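Quick mapping for you: the protein sequence lines, in order, are chains A and B.
Counting in our numbering, the first sequence runs from 2 upward without gaps.
Counting in our numbering, the second sequence runs from 945 upward without gaps.
Derived from the structure by calculation, the hints contain no laboratory data.
Because the structure is a prediction, the values reported are computed rather than measured.
Check each hint, because a few of them may be wrong.
[Stated by the list, open to error] Computed list of lysine to any residue pairs in SDA-like fashion (alpha-carbon distance at most 25 Å, straight line):
#, chain 1, residue 1, chain 2, residue 2
1, B, LYS1036, A, LEU51
2, B, LYS1051, A, ILE100
3, B, LYS1015, A, TRP73
4, B, LYS1044, A, LEU130
5, B, LYS1015, B, HIS1005
6, A, LYS145, B, GLN1040
7, A, LYS160, B, ILE1025
8, A, LYS63, A, PHE15
9, B, LYS1015, A, PHE21
10, B, LYS1015, A, ASN118
11, A, LYS63, B, ILE1025
12, B, LYS1051, A, MET94
13, A, LYS137, A, ALA162
14, A, LYS159, B, THR1029
15, B, LYS1015, A, LEU20
16, A, LYS93, B, ASP987
17, A, LYS160, B, ALA1026
18, B, LYS1015, B, ILE950
19, A, LYS160, B, ILE1023
20, A, LYS145, B, ARG1047
21, B, LYS1015, A, ILE35
22, B, LYS1036, B, ARG1047
23, B, LYS1015, A, GLY37
24, B, LYS1051, A, TYR87
25, A, LYS145, B, ILE968
[As the list claims (entries may be wrong)] Partner residues are not named here, just some residues of chain A that face chain B (Cβ under 7 Å, in silico):
#, residue
26, ASN82
27, VAL85
28, ALA86
29, PRO98
30, ASN118
31, THR121
32, LEU122
33, LEU130
Positions of the beta carbon are idealized from the N, C-alpha and C atoms, including for glycine.
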Amino acid sequence: MKRGGKGFGMLVTFGIMFLFWILLSGMFDAFHLISGILSCAIVALLSHDLLVKSKSDKMLLKSFRLLLYVPWELWQIVLANIDVAYRVLHPKMPIDPLIIEFETSLRGDFALVTLANSITLTPGTITILVEPERGKFWVHAIAKEPADALLVDQTMQKKVADVYMEW
Amino acid sequence: MLLVHILVTLFLAAGIFFMLVGTIGLLRFPDFYTRLHATGKCDTLGGGLIIIGLLIYHFFHYAGTPLVPIKLLFLIMFIFIANPTATHAIMKAAYQTGLKPWRLGEKRQ
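Take the sequences, apply the hints, and build the full model.
Take a look at the structure:
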């Protein structure tokens, strides 16, 4: 991505935004399409570097791997909700909050955001702080078992590292 | 059509159940951080399930506007990205102001 990286980013931004324009407007006459093309072109010209960073090699492969990761994550979300529902509705409220810290091999922005949001959505854990330089996470866990899932098993870290290929 | 109605009702009921659990958790849990556990997770899945129910209903009853279900699908996607991010932002703000997390055996805040 040395030369032409900028043009590629602009094209991708334009494509995504024009798809969105068509989706949201739902009108296919000349006036709406042309004004869509014009405004998408202006926005793509001004802010293409927000959506597509120049350092985005193997973007397609990573997006594909992310698509495979999403169903597993959705299942984890369902488990998380049942877990919270159990803790909320149990008369004794089996909670024992603690804060844990751990380091990961992840460095990229997308990888860190994915892991942080996955942690927040999965059973009994919420991300408090992330330090990008060392890939360090501070996590608030609602009880001992969810904390162990992150500290001992580390399945989620491995899956996210697999997706973004940052071992 | 009856099957569709049953499916839609199931999705709506499940969504409302998780919303309700989130609210009960908000009232029962002892401190700020644990309350966020209840709302941050349950609102995400609850909202998502309710929208899935609406999506199925719209798909079978108003087949003339196929763009609406796609828009609803995007809505789910944005909720699933925005909700954990917002939860994390609130959590981080509380942690950096120095709010101490509740430990087992302490009085509720």
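### Query
Going through the earlier hints one by one, which of them does the structure break, listed in rising order?
Hint check: nothing fails, all pass.
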